[in-house]
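K.L.:
Chains as they are written, first to last, in the working numbering: chain A, 171 to 517; chain B, 33 to 178; chain C, 85 to 422.
Honestly, the hints are just simulated from the structure, not real lab data.
The beta-carbon is built from N, C-alpha and C at its ideal position, and this holds for glycine as well.
There's no promise every hint is true.
As the list claims (entries may be wrong) - With beta-carbon atoms standing in for the labels, derived distance ranges: (1) C/Glu371 with A/Val349: 36 to 46 angstroms; (2) A/Arg422 with C/Val422: 20 to 30 angstroms; (3) A/Pro248 with C/Glu418: 43 to 53 angstroms; (4) C/Gln337 with A/Pro261: 21 to 31 angstroms; (5) A/Asn252 with C/Cys333: 27 to 37 angstroms; (6) B/Asn53 with C/Gln157: 30 to 40 angstroms; (7) B/Pro72 with C/Arg154: 18 to 28 angstroms; (8) C/Arg154 with A/Ser432: 46 to 56 angstroms; (9) C/Met303 with A/Leu382: 54 to 64 angstroms; (10) C/Gln170 with A/Thr496: 51 to 61 angstroms.
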Amino acid sequence: MSTMNEKITEELRQKARQLLESGRVAAFLGYASGSVPMVMRPFVARTPEDADRLEWNSFCVLNLANYLPALLKSFEPPRRPNEPPPQGPLPKVGVVATGCWSRNMVVQIQENQVERERLVIIGISSRGMVDRKKVQALIAHRDVTAVKEGDNTLVVAGPGFEEEINRWDVVRDNCKSCVHPDPVIFDDMIGELKGERDLPDRFSQVEEIEALSAQERWKWFTSEIQSCIRCYACRNACPLCYCPTCFVDDSRPQWVGKSIDSVDTAIFHILRAYHCAGRCTDCGSCESACPMGIRMRILTKKLQKDVLQLYGIEAGMSVQEPLPLTTYKKDDPQDFILTESLKGEKK
Amino acid sequence: MNETERKQGEWEPKIIAFLCNWCSYAGADLAGVSRYQYPPSLRIVRVPCSGRVSANMILDALRSGADGVLVSGCHPGDCHYISGNYYARRRFAILKRFLEFVGIESDRVNFSWISASEGEQFAQVATEVTERVKRLGPARHLVKEF
Amino acid sequence: MLPRAGFQQWLQELSGQFEIFGPKKNEKAIVSWQRLEGGELPDMAPGVPKGSIKTFFFPQPETLFEFTARPKQDDSFRLREPEKRQKPRLVVGVRPCDARSVLLNSMPYKEDPYFQQNRQNVILVGLACRNGCSTCFCTWTGGSPVGTEGLDILVFELEDGFVLEPVTERGESLLQKASSARDATEAERQAVQEIRDNAPTSLPEAMEPASQLVQKDLMALYNAPFWQQLSDSCINCGTCTFLCPTCYCFDIQDETLRGKGRRIRYWDSCMFPLFTLHASGHNPRGEKVKRVRNRFMHKLKYFPERFGPLSCVGCGRCVRDCPVNIDIRQVMKELLAV
Ligand code: SF4
Ligand code: SF4
Ligand code: SF4
Ligand code: SF4
Ligand code: SF4
Numbered sequence: 171m172s173t174m175n176e177k178i179t180e181e182l183r184q185k186a187r188q189l190l191e192s193g194r195v196a197a198f199l200g201y202a203s204g205s206v207p208m209v210m211r212p213f214v215a216r217t218p219e220d221a222d223r224l225e226w227n228s229f230c231v232l233n234l235a236n237y238l239p240a241l242l243k244s245f246e247p248p249r250r251p252n253e254p255p256p257q258g259p260l261p262k263v264g265v266v267a268t269g270c271w272s273r274n275m276v277v278q279i280q281e282n283q284v285e286r287e288r289l290v291i292i293g294i295s296s297r298g299m300v301d302r303k304k305v306q307a308l309i310a311h312r313d314v315t316a317v318k319e320g321d322n323t324l325v326v327a328g329p330g331f332e333e334e335i336n337r338w339d340v341v342r343d344n345c346k347s348c349v350h351p352d353p354v355i356f357d358d359m360i361g362e363l364k365g366e367r368d369l370p371d372r373f374s375q376v377e378e379i380e381a382l383s384a385q386e387r388w389k390w391f392t393s394e395i396q397s398c399i400r401c402y403a404c405r406n407a408c409p410l411c412y413c414p415t416c417f418v419d420d421s422r423p424q425w426v427g428k429s430i431d432s433v434d435t436a437i438f439h440i441l442r443a444y445h446c447a448g449r450c451t452d453c454g455s456c457e458s459a460c461p462m463g464i465r466m467r468i469l470t471k472k473l474q475k476d477v478l479q480l481y482g483i484e485a486g487m488s489v490q491e492p493l494p495l496t497t498y499k500k501d502d503p504q505d506f507i508l509t510e511s512l513k514g515e516k517k
Numbered sequence: 033m034n035e036t037e038r039k040q041g042e043w044e045p046k047i048i049a050f051l052c053n054w055c056s057y058a059g060a061d062l063a064g065v066s067r068y069q070y071p072p073s074l075r076i077v078r079v080p081c082s083g084r085v086s087a088n089m090i091l092d093a094l095r096s097g098a099d100g101v102l103v104s105g106c107h108p109g110d111c112h113y114i115s116g117n118y119y120a121r122r123r124f125a126i127l128k129r130f131l132e133f134v135g136i137e138s139d140r141v142n143f144s145w146i147s148a149s150e151g152e153q154f155a156q157v158a159t160e161v162t163e164r165v166k167r168l169g170p171a172r173h174l175v176k177e178f
Numbered sequence: 085m086l087p088r089a090g091f092q093q094w095l096q097e098l099s100g101q102f103e104i105f106g107p108k109k110n111e112k113a114i115v116s117w118q119r120l121e122g123g124e125l126p127d128m129a130p131g132v133p134k135g136s137i138k139t140f141f142f143p144q145p146e147t148l149f150e151f152t153a154r155p156k157q158d159d160s161f162r163l164r165e166p167e168k169r170q171k172p173r174l175v176v177g178v179r180p181c182d183a184r185s186v187l188l189n190s191m192p193y194k195e196d197p198y199f200q201q202n203r204q205n206v207i208l209v210g211l212a213c214r215n216g217c218s219t220c221f222c223t224w225t226g227g228s229p230v231g232t233e234g235l236d237i238l239v240f241e242l243e244d245g246f247v248l249e250p251v252t253e254r255g256e257s258l259l260q261k262a263s264s265a266r267d268a269t270e271a272e273r274q275a276v277q278e279i280r281d282n283a284p285t286s287l288p289e290a291m292e293p294a295s296q297l298v299q300k301d302l303m304a305l306y307n308a309p310f311w312q313q314l315s316d317s318c319i320n321c322g323t324c325t326f327l328c329p330t331c332y333c334f335d336i337q338d339e340t341l342r343g344k345g346r347r348i349r350y351w352d353s354c355m356f357p358l359f360t361l362h363a364s365g366h367n368p369r370g371e372k373v374k375r376v377r378n379r380f381m382h383k384l385k386y387f388p389e390r391f392g393p394l395s396c397v398g399c400g401r402c403v404r405d406c407p408v409n410i411d412i413r414q415v416m417k418e419l420l421a422v
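Looking at chain A on its own, in the form it has when it is part of the complex (with noise of 0.2 angstroms):
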């Protein structure tokens, strides 16, 4: 008997291979097997041949929507800043797709990173990919030398150890707050569409800070990010950052200060987590990247659910809907404006 997995990335190699066969596509993107346990290599097949190393499991938890744009880049002919793009159709890629990843492609879609018809996406329903920050908490962070994924559970082995434990109790937070499994868009789909989750409780996670005092809110946040080495590992994971020149790296106005001083720290984590407003898909890339822990994703999931809260928007759900913060109502909510506040006191 193959499990999920298995099936799926029988699949998958197949699909990628006919791609690549056809000419259809010049490379595909997907994962292929690490070199150490629960962790997954991004990979670009560019040959038939490539299709067999793709490989699909639990661990593929950084967001391949990521390495589009300079992908697709790649395969064009290259020209100066300013010439415009050459005529006539351009080389595609193959790349797979969970409900995130897709979600993130069209906002790079929305923000002109990617074009569509130059992507060929495999769609895969997520069941929720696996926080190894978990796992290695759950086995007293011994040292792991393999990990066996069956279809809800995993075989944890190490020296003088073998655990097995529940798949979804090790699920990152992000994935078990999911409510868009399905890829929103795709060419192909692998298995089936499974629906929407219905799950009342996804902000559950922010609401517990936003019920602190503000004094508690400061401690928490500075707490969490304080082993933050500034690796920008979890900016570098993300999809929606692209900017030629970061906001951390501008040095006239200098907006945030290179080193690990606490306060540049804070407003690196608060800028980084604001340029994703409305554009953030809680894919959780960012923070399975972390090296340190740091559970930046509860920032941006506060951005989603007050962009949700005020504009009715969740990002990346459809290329037609402009991003919520590209855009604007005339009726937008403004009682935080003081002269607004004001006039309603007086009222």
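Here the structure of chain A is known, so what remains is to put chains B and C with the ligands in place on it, guided by the hints.
P.N.:
Structure of chains B and C with the ligands alone, referenced to chain A:
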């Protein structure tokens, strides 16, 4: 507040006010010309439009030691660039809630609409913001020290 | 030989003279370098702590000098030396690979006053590895799980206590202050010898020493075909370089605020595009593949050509925490096969 009170050591907050060129800055000007009284705590930065003010700028003010920030633009519908303040309104609404979320007191960062003819309103807002920030005391959280 | 309590007591006594640091679990259960107080023992689980030991020698940031920045005042733009640390530091529980990295970094920083001063003010008390963890490969790079390079004292953990061996003179003099120390018994000596003999073989597969890369043709390595595929996965973050004990690149900036300023030196990474960006806009390592190649070529070829040893101690941090599993061990193998 007058000069003597300040000399007596009462703390006067520093508030950075980003005012749009077309409405709020002119409003502030009118407040001055019309001799409306308001506290001397505001440091005014003239910007082309409230839509020009980014989160980066607001945080930079706090990082550099501002105790409070005020951003003010034209009333909705009156923007010189037609829609700058509408976009700004969305961005500010989200930013204000977000700063509160990480523990920045709500009254530190303020937004208002003030037109070129609202000198009196400008003085009112300046007073109100100053009072609110005073109640909070000097800002500490995002002030960089070395 | 010191029993557990004696070791703690020794640390306790030294805490008057030193600030003591060691590996310790933080609130996120990540083992990192932290202050140890009141004779607290370091975390001694196999392998290295998360963060790099370089923070003690090459801190993030190092203040090079301070200045006043008030125009038209008497003291404007006058430079000042930064305030010195009050006490020297003592780091316990240092794995031999980490200690060795300090020596390696000291080569390019031979004439750097800040680095060398920090070296004088930091005592390293090592902890021999009985067995490494699955990502350790110090033996491939010229180190050993029981190596003493860079250490002042090497500690062996036994069942009921510790055997401490001085490596340097200053280590020796600190050991003399251990009041409850006694000579190791024959059995204890034997136990130590066993660790010495067995530890190196406890590591995963041995490999043709990567030091042979020095003999390979530089251009052949540089033009090897695998770089493109390797770099396809990289996201160009600073995780590998910032966790790495032997990455030592920095950038310098002046920070000025409210009439005061300081010039700081802070970690930079050859993985960042900004690292090599010229003021003209030209970037000699503008493409990702060039940056990824540089990191490995620097560690495995350029550095050894200039200084002798590889600029990698095999601690495995980059292997453990690269979010996309770029594994220097595989790169070494690929390069050796060129
Ligand atoms: S954090 Fe902001 S400036 Fe930096 S890359 Fe992301 S969106 Fe751009
Ligand atoms: S901020 Fe994090 S969760 Fe949001 S899109 Fe970026 S990587 Fe995904
Ligand atoms: S990935 Fe983690 S450690 Fe690195 S900058 Fe982001 S939050 Fe900080
Ligand atoms: S090799 Fe890994 S850790 Fe290093 S920059 Fe690339 S993705 Fe980041
Ligand atoms: S390159 Fe990797 S294994 Fe080598 S010293 Fe640096 S972090 Fe350790």
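K.L.:
Now tell me, hint by hint, if it's right for this structure.
P.N.:
Outcome of the hint check:
1. C/Glu371 with A/Val349: 36 to 46 angstroms: With a Cβ separation near 39 angstroms, glutamate 371 of chain C and valine 349 of chain A satisfy 36 to 46 angstroms, so the hint holds.
2. A/Arg422 with C/Val422: 20 to 30 angstroms: At 44 angstroms between Cβs, range violated.
3. A/Pro248 with C/Glu418: 43 to 53 angstroms: The hint (43 to 53 angstroms, Cβ to Cβ) is violated, given that proline 248 of chain A and glutamate 418 of chain C are roughly 28 angstroms apart.
4. C/Gln337 with A/Pro261: 21 to 31 angstroms: Cβ of glutamine 337 of chain C to Cβ of proline 261 of chain A: about 41 angstroms, so the range 21 to 31 angstroms is violated.
5. A/Asn252 with C/Cys333: 27 to 37 angstroms: holds, 33 angstroms
6. B/Asn53 with C/Gln157: 30 to 40 angstroms: holds, 34 angstroms
7. B/Pro72 with C/Arg154: 18 to 28 angstroms: holds, 22 angstroms
8. C/Arg154 with A/Ser432: 46 to 56 angstroms: 25 angstroms Cβ-Cβ, so the 46 to 56 angstroms window is violated.
9. C/Met303 with A/Leu382: 54 to 64 angstroms: holds, 59 angstroms
10. C/Gln170 with A/Thr496: 51 to 61 angstroms: holds, 53 angstroms
In summary, the numbered hints that this structure violates are 2, 3, 4, 8.
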